[in-house]
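Student: Given next are the chains, with one letter for each unit.
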Amino acid sequence: MVALAGCDSSPTPTNSLGLNSRYNDEQPALSGDGRWLAFVSNRNGSNQIAVYDLRQRRFVDLPGLNQSSAIAQNPSLSLTGRYITYIINDRGRPEISLYDRETQQSEILSQRYSSWVRNPKISPDGRYVVFETARRGQWDVEVLDRGPNIELDVPDGSPVQ
Amino acid sequence: MIGSKHWVLLLLTAVLSGCGGYPRLLNFSFDAGGRGLNSPASELSPQIASRYIAFVSDRNGSQDVYLFDAENRKLIDVPGLNSLDAIASNPAISQDGRYIVYSNSRQGNSEIELYDRETQIARTLTGRIQAEVRHPTISAEGSAIAFEVATDGQWDIMVVDRSGNALDIPGMPKE
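One line per chain: the protein sequences are A and B, in this order.
Residue numbering for the first sequence is 1 to 161, as defined by the working numbering.
Residue numbering for the second sequence is 1 to 175, as defined by the working numbering.
Errors might be hidden in some of the hints.
Stated by the list, open to error - Where chain B lies over chain A, by a calculated footprint (3+ residues, C-beta under 8 Å): (1) 23-32; (2) 56-68; (3) 108-121.
Think of the hints as simulated: they come from the structure by calculation, not from any bench.
Where is the CB? At the ideal position from N, CA and C, for every residue including glycine.
One chain only, chain B, in its complex shape:
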């Protein structure tokens, strides 16, 4: 007797383990047309929270943020997030699927941006920071955002709320 759950697992099972054990790889079909998780272009810096996988890909000729729904196995549109003149990197999504942080490099200047899927608006969190910033991440419940700041010749870590205000932690870099 094979229940529906077993059937799903059978479909998902892939090459990692020949003996049917865990850990094993999930098999998301490759799509040459760029509508799947993987494409003929490169896919970078994936992050997972509940059903969502955020990553960047250059499948459409510029490095953009993509959002994949692992449950329904399809891409989710993120209108207003990607712009033609910017390179997006290191996306991370909250587990309710609402907030995506990423870094955006535009004309030699990088900023950490927060995209709200509800309003479809992206805001810059680091406009007041003069130094270079990179590698953002957001907590799954969506309240804290951390990233690197180049201060005094080395990388430091800054933790801010969704408005970009620094948390009160000793040793935090000054804006």
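Next up, chain A with everything else stripped away, as it sits in the complex:
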């Protein structure tokens, strides 16, 4: 089993049958539609973000999200699970990152934000991200607007605006 897992190049913990493992599975986040569950799992020997499809009962691949050199934590999901925000520790500094499952790309949203950040959560439509900031020397709430030109995460089959 260990040897098999070693051959698996996928960084997502898909080599497990059930949702939970005998390692820590924590920080659950649900997509707005209730179908997808994102969480942090230690089952592959490092802290990684996993996304589980509660309808089809299987893990999904997240190519490019988990990197062996960084710790990702505090995932949150938009309405259909298209956008995932999370904290990535980038050379000792936590940054808010956004992964788009459509493009399989991630981008840092907090690059130009100089204060310490924690616990980001994305709105169901994917436009806003709330997070904790240490800007005034204590934890406060800040709201980031990704702007009117992003592709909103809307339900399947809804008309294109």
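Starting from the structure of chain A, add chain B where the hints point.
Tutor: Leaving out everything else, chain B in the frame of chain A:
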């Protein structure tokens, strides 16, 4: 020509970007009297769904759940949610603004509770679970609730419906 939408955006624009691009921060005014999103006390674990931002704050001397209406820029009352003898943590609200889940710690015992803004009643979802529970969240459409359970010496994740019944998913912890 400046339309009303542009005017609103101008008001909201803040310090994140000097060059007028996105992403940018929304500017919710700070209120020393504790009636705004931020206060002189600490604000923790914010979550956003449509116009609602749920978070906890100790601005009134105990750690309670607060609900902020980002559209009307004011707090919304949640009567019957907070109690004097409990520490509330990690709130999350459904996008229709009706259901708020959070964890409540009372006399060393933590439970996941579901508050219904329509009935103004909070119910415990985890009364049958002996293990420690924490970090709840609710899906935006309000049907699924997930949280952590301390089972067999590590944290596992449990997903339940609004009545607290576990979804039929392989690997779910037993109650």
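Student: Run every hint past the structure and note whether it holds.
Tutor: Results of checking the hints against the structure:
Coverage of the region 23-32 of chain A by chain B holds. Counting CB-CB distances below 8 Å, 10 residues qualify, and the rule asks for three or more. Given as covered by chain B, the region 56-68 of chain A fails the check, having 1 residues with a CB less than 8 Å from a CB of that chain where 3 are the minimum. Interface restraint, the region 108-121 of chain A with chain B: holds (5 residues with C-beta to C-beta distance below 8 Å; minimum three).
Violated hint for the displayed structure: number 2, the only one.
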